[in-house]
Amino acid sequence: MHDLLQTAESSLFLAAIYALVAVGFVILFRASHLFNFAHGEIMVVAGYLLWTSVTRFSQPFGVGLLLSLALCALFGAIIYLVLLSPLAGAPLFSVVILTLGVQIVVDALVRIIWGGTVKIFPTPSSYHPVRLPFDTVLSTTQLLAIGVAAAAFIALFLFFNFSRLGVHMRAAAENPLLASQSGVNIPLVFAVAWGLAALLGAIAGIVYANNAHVVSADVGALGLRAFPAGVVGGIDSIVGVMPGAIVVAFVENFVTRYWDPAAKDVATFGTMLVVLMIRPYGFFGSKEIDRV
Amino acid sequence: MHRSGAPTGTLADRVGPRPLQAGALAVIAIVACVYPLLAGSYYTYLGGLTLTAVIGAVAMNLLTGYTGLISFGAAAFLAVGGYAVAIIATVWGLSFWLALPVAVIAAALVGLVVGVPSLRLRGLYMVLTTLALHYIVIYLADRYQRHEGKIGGFTISPPSFLGHRLGSPTDRYYLSLALAALAVLYCAHLLRTRVGRAFIAVRDRDSAAAILGINVSAYKLAAFVVSSALLGLCGALQALNAGNVTVENYDLLVAVNFIAMFIIGGTASLRGSVIGAAFVTLLPVAVRNLLGHVPAGTPLFSRLDAHVFDVNAVIFGLLIILFVRLEPAGLIGLWDRLVRSVGSRGSAGGPRRSVAVQVES
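Quick note, the sequences are listed as chains A and B, same order.
Per the working numbering, residue 1138 is the first one in the first sequence, and the count goes up by one each step.
Per the working numbering, residue 27 is the first one in the second sequence, and the count goes up by one each step.
The hints are simulated quantities; they were obtained by calculation from the structure and are not laboratory data.
Quick caveat, the model's predicted, so the values are computed rather than measured.
Heads up, none of these hints are tricks.
Here are the simulated EDC-like cross-link-like pairs (lysine to aspartate or glutamate), alpha carbons at most 20 Å apart as the crow flies:
1. B:LYS176 with B:GLU274
2. A:LYS1401 with B:GLU274
3. B:LYS176 with A:ASP1397
4. A:LYS1401 with B:ASP277
5. A:LYS1401 with B:ASP168
6. A:LYS1256 with A:ASP1355
7. B:LYS176 with B:ASP277
8. A:LYS1401 with A:ASP1355
9. A:LYS1401 with A:GLU1146
Now the stretches of chain A that chain B is said to cover, found in silico as 3 or more residues with beta-carbon under 8 Å:
10. 1215–1227
11. 1234–1241
12. 1363–1373
13. 1389–1402
14. 1410–1417
A few chain A positions that, by computed beta-carbon distances, are all more than 12 Å from chain B:
15. MET1138
16. PHE1194
17. GLY1199
For every residue, glycine included, the Cβ atom is placed at its ideal position computed from N, Cα and C.
Pulled out of the complex, with its shape left as it was, chain B reads as follows (with noise of 0.2 Å):
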């Protein structure tokens, strides 16, 4: 299934910081840190989604990138964790705290569900299971909205947090902030023990893992949990930052979204997942704004700005086809390459190459 040149598990993503790494990591701690007290109330907003976002992206390249289980579900795990919000901080009128823990072991319960029959399917047939989880998922959570006569769908009102109320954007980006941080180390950490070298060996060549000694149905089913759980955390923190959970945010296109945000940021690469997770958050705000550039008035402009949406999903489709087709290390691996060719042109000292992991005993 995976091929030599396509996008691989680094040692420099498998191996801790380097010095050099460890200062950039600094610098990026900070700035994520004092961003809001720059950015305006709507920029914040934007970072905590991308934040949230963050999360789900790293779940989903932990699956496919990494155990290349290839599944359509995020959005039905997103919903797990958005509905587990609603019914228990928004129905019962119990704590968030509560909701946000229940959402996670809610989520990594369905997953251990989906993940069962991903055992014996395998490729193409494992779309189609993701594809009919996603559907039955979005089904249930239909049905359960109009049964509860919630049309526009359930509000979800902030948590307080020793005593302060988390009411503003600000609250809620650092809320984002220090979740994605764990969810991110918790990975970097997972990738780096033996199960994360299982996880390459599986994706690999599942047969030959096997051979090798690795029981591969435990370690796809474990990747299955890991990510659906990660994906319900996702969803219960998208539930709090958009204050609202109905059936209408979890349709195809935002599975195909966190598919989108590894292939465009880098498989197989948790740095690319988080550039990635930007990328897909940022592109329709950005793509508003760069509408606002067109001259007014053109009959193009009139037909383009009547379609936002669909001016959007055009760029974002062809980004798919562009990334898929030119750069398979997407993002990371582009800059990658920049940080390298400059690198070299500056020292004697050639490329540093980053060595694929060989499938290990």
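Just chain A, with the same shape it has in the complex (with noise of 0.2 Å):
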């Protein structure tokens, strides 16, 4: 029971990630209708971009972290203009083509760049049991990967109702052509999604490493799993990823520690499939019409 509960506790910081990447994920198929397949690997970018700022520049870690989120988001948002942009209206495939080839080069010179060698991540948090009822144990840079992804999605909220490019953003998801017959920029907010895509890709990324206490190239494939979590949730629905990563993270957990280790990309990706075949939009997503 008590083995139970602690690996439930666990899954909330795993959720907790998988939700920061997986929203990343809806606001690129809000803005672009596509799959992102270079979406994970901003988490890598970003901790290596820390690290780097922190011990080659002998940077404070604050100037080192914005220094970090901001070139993530700006690169994001060079992705979209630069390659994706003048790609609308191609056929999806040769879109979602493009971003694997994207994730190929990222991954491919993050290795070369960075020696494909693990990094000590220079955390200024110290790693603390925090003790919780039921005798249960989560760390301080567990619950602080749980406290930003909060913090994260009450912002989006905020963002997403209340603030004049947001709501602009929403409304360009909704319908591009009638958006901007009413004065929406299409391109600019099209780019600062990606942008902002990109940076909450980066947070999880730094808080997921502050966790691990290494920077590692290979976390690129953990960013790979939150996409089941988005789809789960509903790929269009940000109130969906929430319920999506928790559901998805839980399984992944419970799995791993009770049936096989190895076992991950199949708990994750498994997960979606059955959802899939029960509801083919996943839990809040919107159908699909067909015109012809």
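Dock chain one against chain two, each of which comes alone in its own frame, and use the hints as you go.
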């Protein structure tokens, strides 16, 4: 019983990471109607950029953090403006393959630039176990990740409901033509959406590395497992991301804890497959309409 | 889903060879047959790998290029073929010639199972279903391999054919050549029939195809089964060529390789599949040879030399990006344009137009 509770609580940390990455998938899908295979790599890039600015350029942690997040957001927007926006109206497949090409290039460049080795994360926050009810334990770094994810979702809620840019973004996602006729600057809004998605992925990468104490190029695989989280919740639904991430993280943690530690990918993508079979558009997703 | 100007199945691909093309085909066939006599054993081995890859590239092009079904499942189907050979020929000790058809049938059956949900899911969701298939198959393969205690994988020993042991790369080259030729001819034939036209109609607008009386579900399933069967054959041959079956040979990058083959070679073109298979198979070899020409001792060189695999990945990824952005018709599109511009300069006859196939009832 204690073990079950402990596994469930640890799943909340994983769910927080998945939610931060998956909400990026959702924002990108709403903006550009695609899956960005390169999105998970932003977690890796953010970690290494932070490591470089703190360790190589001796910047304070706060400066390194801001620098890393800003560069990642900029990177996301540039990828959209340079590579994706000229492909508007192209077959879906071409666009998905393009993001796959970006993923391969980014992953390989990261390994060439940073040598493919694990770096010690320059964390200022120290690791403390925190005792929770029923004798369970979460670390301060895990609680920090959960808190950051919660804060990010509150900020996103405020942004999409009360800021001008956020409302424009929703309008552009729903109907780009109508939105542009009402004066929404579509390329700008989409570039901001890509930047925002990258920013959230970068935050996920940094809180994850903070808990793992290392920066590793292999975290990109974890970013890919956030896909199912977004799909289970409904790929066009920001509301659905949290429940989706929680379900996927719980299944993954329980499967790896009680069945087979090597079954991570199968657990997450299998959950997604089961949900898609029952509800083809996820928990909160809207039905796609096919016009002839 | 389909946009004009993007690659289509052209009449040139659909209608049989013209006299000139027949001549070119004969030359290619002769070159392919005498190649092992001229090349060394390593290059013959690479030739065999290329011909094996051709089968998989054609299969993927049939599914995605012609029928418009997006799949990340190539590595999973290759694994089904490879493990069928490993189990039947190595673990059970039965004949490779029995394992080969079983590999094809097993992959076709898996294709049928995966094809059914594809009838319900479209576009991006299909990407995810096939991705899930990939992880499930690879997990099962890994689990089986661990269960058997074969950490390094299963050794595939060369079989005998008419009393002759296929022990050398040359023997396996000719086996690959024969099967690749059969696969390409079969697909060329399939695409010339009603089935091929239905595939293209399903790709271009499946709702419209359904209204025209095409049984969309049946053709989607057929495309899945045929392409999976061919990928199973490709996987079985790969196992024979490599002499080994292990789960590391089937990671997601392999599935991406087989997608890249028709993206780089030419979508909805059989010639494109062949060129793309050769390109993607030989690129790592070319990159390694090129790195050998970078002046040694420089810091840049030692960094690149330590990361040959990653340098190759950067070039590979950039090529995918460049072809999608700038030349959606692939290498074969570039080639056709070159031939046309040379031809129109030489004769007054103007460029031969290749007519896009219209949706027919």
